[in-house]
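Visitor: Sequence:
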Amino acid sequence: MIFQAHKGVSTENPENTMPAFEAAIEQGYKLIELDVGVTKDMHFVLLHDANINRTARHNDGGIIAEPVRIDEMTYEEVLEYDFGVWFAKKFKGTKIALLEDVLNLAQKNGILLKIDNKFQSFTEGQKKALFELIKPFEETACLTFNNAEKLIEAAEFFRDMHFHYDGIVTENILKSIRAVLPKERLTVWLPFECQKTAWVKVPFANEQFAALVKEYARLGLWILSRSSELSAAVKLGADVIETNGEIKPTLIEGVCADMHTHSESSHDSVCRIEDMCLSQIEKGTRIMAVTDHFDTASFDRYDIFTPIRNAYNTVGELNKKYGEKCLILSGVEISESFWYPDVYEKVMKLAEFDVIIGSVHLVKYKKMTSAYSGIDFSLIDMDEIYGFLDAYFNDVLTMVDFADFDILAHLTCPLRYIVGKYKIDIELSRYADKIETILKKIIKKGIALEVNTSSLVLTGDFMPSIEIIKKYYDLGGYLITLGSDAHIAGNASFGFVEAIETIKRIGFKNIYYYQKRKPYPIEI
9 MIFQAHKGVS TENPENTMPA FEAAIEQGYK LIELDVGVTK DMHFVLLHDA
59 NINRTARHND GGIIAEPVRI DEMTYEEVLE YDFGVWFAKK FKGTKIALLE
109 DVLNLAQKNG ILLKIDNKFQ SFTEGQKKAL FELIKPFEET ACLTFNNAEK
159 LIEAAEFFRD MHFHYDGIVT ENILKSIRAV LPKERLTVWL PFECQKTAWV
209 KVPFANEQFA ALVKEYARLG LWILSRSSEL SAAVKLGADV IETNGEIKPT
259 LIEGVCADMH THSESSHDSV CRIEDMCLSQ IEKGTRIMAV TDHFDTASFD
309 RYDIFTPIRN AYNTVGELNK KYGEKCLILS GVEISESFWY PDVYEKVMKL
359 AEFDVIIGSV HLVKYKKMTS AYSGIDFSLI DMDEIYGFLD AYFNDVLTMV
409 DFADFDILAH LTCPLRYIVG KYKIDIELSR YADKIETILK KIIKKGIALE
459 VNTSSLVLTG DFMPSIEIIK KYYDLGGYLI TLGSDAHIAG NASFGFVEAI
509 ETIKRIGFKN IYYYQKRKPY PIEI
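In this text, residue positions in the sequence shown follow our numbering: the first is 9, and each later residue adds one.
One or more of the hints may lead you astray.
[Stated by the list, open to error] Simulated pairs of lysine-lysine, DSSO-like, Cα-Cα distance not exceeding 27 Å: (1) K333 / K512; (2) K453 / K333; (3) K291 / K372; (4) K100 / K328; (5) K126 / K191; (6) K98 / K354; (7) K328 / K524.
Note that these hints are calculated values from the structure, not bench results.
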């Protein structure tokens, strides 16, 4: 079965951009679907909509207020806009992709490109220019039509191209296409009935429909978002499945990754990175990230930059020694990033981190202005505690909106102390709407949710709880990382067996690790 990445890996990258296509190639997709638009001066670019507004911003990150059509601008004018920052800050500076550049990238890497059917609305002159551009790439580019007659016309021009058809399917239509195309050069697409296609008004793929298509062509199914859906796709005989990126074609097996550990470069740890690494190796963990604290609120009390830089340098040295046994990734855990934007921007430029974790350790609520790990909640009345938690979730929301990070760490962490240490019962359902909003936002931004195991001893549950992890899954989330949050070597990968068993029961098939700020799947 071939896996097709819809607009590239569009759940982790801005759609129809070079980062999305490069990620698809790195992750093992063999087919990439893309959308083509055309500028006023006949440059073919990648864009889904007629307007650029949804997927573009001004270079300062500001929203484009008035509708801006791609066909009313020259290519040089389009370059004045940013096509990455709308998705996440780490993609700031991404420019609109040229079709020709993507064709060359795909050809170089042996990848096929499926050009969506939107080009059918081009003028005759635009279509002629498009066809001339892709003619030298017939073995790389595949055109998609929802009009059988137009497909048959194009087949006369492209003698070696593989075509895709996603229009109305009847046996007569399939016969007419097969009269000019052999079966091996035709893929016919049917919608797969699932959460992602609930809006579709045409018939879904079923055994009878799929069998009809298979008689005349390869069968493509769109759009799948769960690995658990693959068995149904196989039963229908799918040759190709399309996914936004939730389902991965290439996975690492038999490996575990601890994406959250601390060392002597954190204010609350004296553990050497080498000792943490040796403990991970002893426990069978083959990937670990060193993510020391960078608490922005502490910048004016002591030097919080030098320790992070030292840890980064140490990771580089230790990889030379232990890299074959355990890949050590360089990272940082930035808390309260939105309080001091200048300080935050400075640490972001400190090193080429593999992973950035976002967290909230300190909430300014009334007289509670120190880290919540040091607050004695037994001395605080319940109304104040609930108010504090409300402020905490507000801060998490602010951080998700403001900061550029890869993993949301230990969501609901104050409960580790309120519930775990002080045994105070909390009705977390009060914050269900805010928690759901947080989860939806990180899914949309391609930010991973950490399953933090450090709370198991105190609360018997993870951070966030199993209930919240399941909610994340039900909302469509799939980017899960494991973090022991170990501050001593003995706690490396603590609770990971239980964590993996739990998330597998929920439905997750993979955990992820980050390298050079890109997520990579590990099969569990």
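Visitor: Next step is simple, just say for each hint if it's right about the structure.
Guide: Verification of the hints:
Distance restraint check for K333 and K512: the Cα-Cα separation of roughly 26 Å lies within the 27 Å cut-off, and the hinted pair is therefore satisfied. Of the pairs offered as hints, the one joining K453 and K333 is violated, with about 33 Å between alpha carbons and a cut-off of 27 Å exceeded. A hinted pair counts as satisfied when its Cα atoms are at most 27 Å apart, and K291 with K372 does not qualify at roughly 39 Å. Distance restraint check for K100 and K328: the Cα-Cα separation of roughly 32 Å exceeds the 27 Å cut-off, and the hinted pair is therefore not satisfied.
About 24 Å separates the Cα atoms of K126 and K191, which keeps this hinted pair within 27 Å; it holds. For the hint linking K98 to K354, the alpha-carbon distance of about 14 Å falls within 27 Å, and the restraint holds. Among the hinted pairs, K328 with K524 is consistent with the structure: their alpha-carbon atoms are about 17 Å apart, no more than 27 Å.
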